[in-house]
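Protein sequences, first through last, are from chains A and B.
Heads up, the first sequence is in full-length UniProt numbering, so the first residue is 1 and it goes up one at a time.
Heads up, the second sequence is in full-length UniProt numbering, so the first residue is 1 and it goes up one at a time.
Since the hints were derived computationally from the structure, they do not count as laboratory data.
A few of these clues could be false.
Each computed EDC-like pair below joins lysine to aspartate or glutamate, with the alpha-carbon atoms no more than 16 Å apart [as the list claims (entries may be wrong)]: (1) Lys-170(B) with Asp-143(A); (2) Lys-170(A) with Asp-143(B); (3) Lys-170(A) with Asp-77(A); (4) Lys-18(A) with Glu-5(A); (5) Lys-18(B) with Glu-30(B); (6) Lys-18(B) with Glu-5(B).
Please read these numbers as outputs of a predicted model, since none were measured by experiment.
2 protein chains.
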Amino acid sequence: MRIGELSARTGVPAATIKYYVREGLLSGGERRSHNQVEYGEEHVRRLRLVRAMVEVGSVPIAKVREVLAEIEEPDRDLDSTLGVASRALSQHRVPAEEPAAEDLELARAIVRGRGWHSIDPDHGYLWTLADAIGRLRELGLADMVDVTGEYARAAEIVAEFDLSLLANRKERDEILEAMVIGTVLGDAIFEALRRIAQVEVSSRVFQRGQRKQSGAEQNLSTVDR
Amino acid sequence: MRIGELSARTGVPAATIKYYVREGLLSGGERRSHNQVEYGEEHVRRLRLVRAMVEVGSVPIAKVREVLAEIEEPDRDLDSTLGVASRALSQHRVPAEEPAAEDLELARAIVRGRGWHSIDPDHGYLWTLADAIGRLRELGLADMVDVTGEYARAAEIVAEFDLSLLANRKERDEILEAMVIGTVLGDAIFEALRRIAQVEVSSRVFQRGQRKQSGAEQNLSTVDR
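Just need the whole structure built from these sequences, with the hints factored in.
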């Protein structure tokens, strides 16, 4: 197909497609004549993947390139590829300095509390977690540290759903693509649902539901569905 | 205190403090003499709040200014202030165009499925959710749409924890500050825990735990703790 059709099918303007080719996010099409370049189905799929990262995930171009390079590296094993891609797609930085010992211990206690025994005690995301805990403490908001593990319980529900989707897939490329999209769109979906749930729970807590509906009690009775 | 002490107590370099004052994120200190400016405890607290948004949440300066303006607007009611701040702190954009009807219907069905009856059917985050659903469909990954509502169930657990923390607070400023910090650090904490949980669940699914430990069964037996 010509660039016009590729643009129409993906919703990406032709100028942006050319920019992605220059930036190495997309292979160039096959040149047929002086002013005709032919693109295939693999370009449609790749462009949608890039668009999901850039538009939904607000992933910077340099990181998109990094993730795509990981996907295309045939020799790397699946597990470490997933790890590298997961880190590249993180919105939140792993802190450069080791967090305070007490914060790291608290982060490890949350993980142990869930019975997560496969986690390296120096895993990068444990540092991210410890860093966030340290900031809450600094801000005098130590009561916001989720020592009860409710966040971890919720994260496990999400991770089990995520992994069940990967387990349905067999080809390496399929698994990696699903993982990248699942990470980016999953973060967006969870963020939206967390905000929506806050509105809902807030209306129960502050009993504002009563004015609009037959009563807050009705809401409360549906919590555990 | 002098700017040097303010810098030491918050970990923010003096040049950055001056930049934040110029950008209106922090009120200037009290000028005592030609070259001495005095800062107080309110500057320490505000700087930590700004730092949490900028460093942990990667919130752009213009958005930080928007959130702070909301916090300082005394006439606005708490509920709408929380809404504006929540939107400003979103990492993911609300789509500019109305999503496809089928995607929006699916998003509403997920919300109804949880018994969330207080949500406006045109809530901005329902659009974000529908947009993500549409992209999964476009990418041929419709099976990734969480029709079973596992993400929503997890989001409700997190939102109930979040709201319980706000309910502990009485002063308007306290509630808003906790909400801003809880949103930014809560996103970071959940993101880290989701990635950690993926490693854990992945090691169970792919049985890699067996090499390091006494058996994957041991992990499985602790799932529901």
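Against the structure, the hints come out as follows:
A distance of roughly 15 Å separates the Cα atoms of Lys-170(B) and Asp-143(A); the hinted pair therefore holds under the 16 Å criterion. Between Lys-170(A) and Asp-143(B) the alpha-carbon distance is near 15 Å, which keeps this suggested pair within the 16 Å criterion. With a C-alpha separation of about 14 Å, the suggested pairing of Lys-170(A) with Asp-77(A) holds against the 16 Å cut-off. Distance check on the hinted pair: Lys-18(A) and Glu-5(A) sit about 14 Å apart at the alpha-carbon level, within 16 Å; holds.
At most 16 Å may separate the alpha-carbon atoms for a hinted pair to count; Lys-18(B) and Glu-30(B) meet this at roughly 13 Å. Between Lys-18(B) and Glu-5(B) the CA atoms are separated by roughly 14 Å; this keeps the pair inside 16 Å, and the hint holds.
The structure agrees with every numbered hint stated previously.
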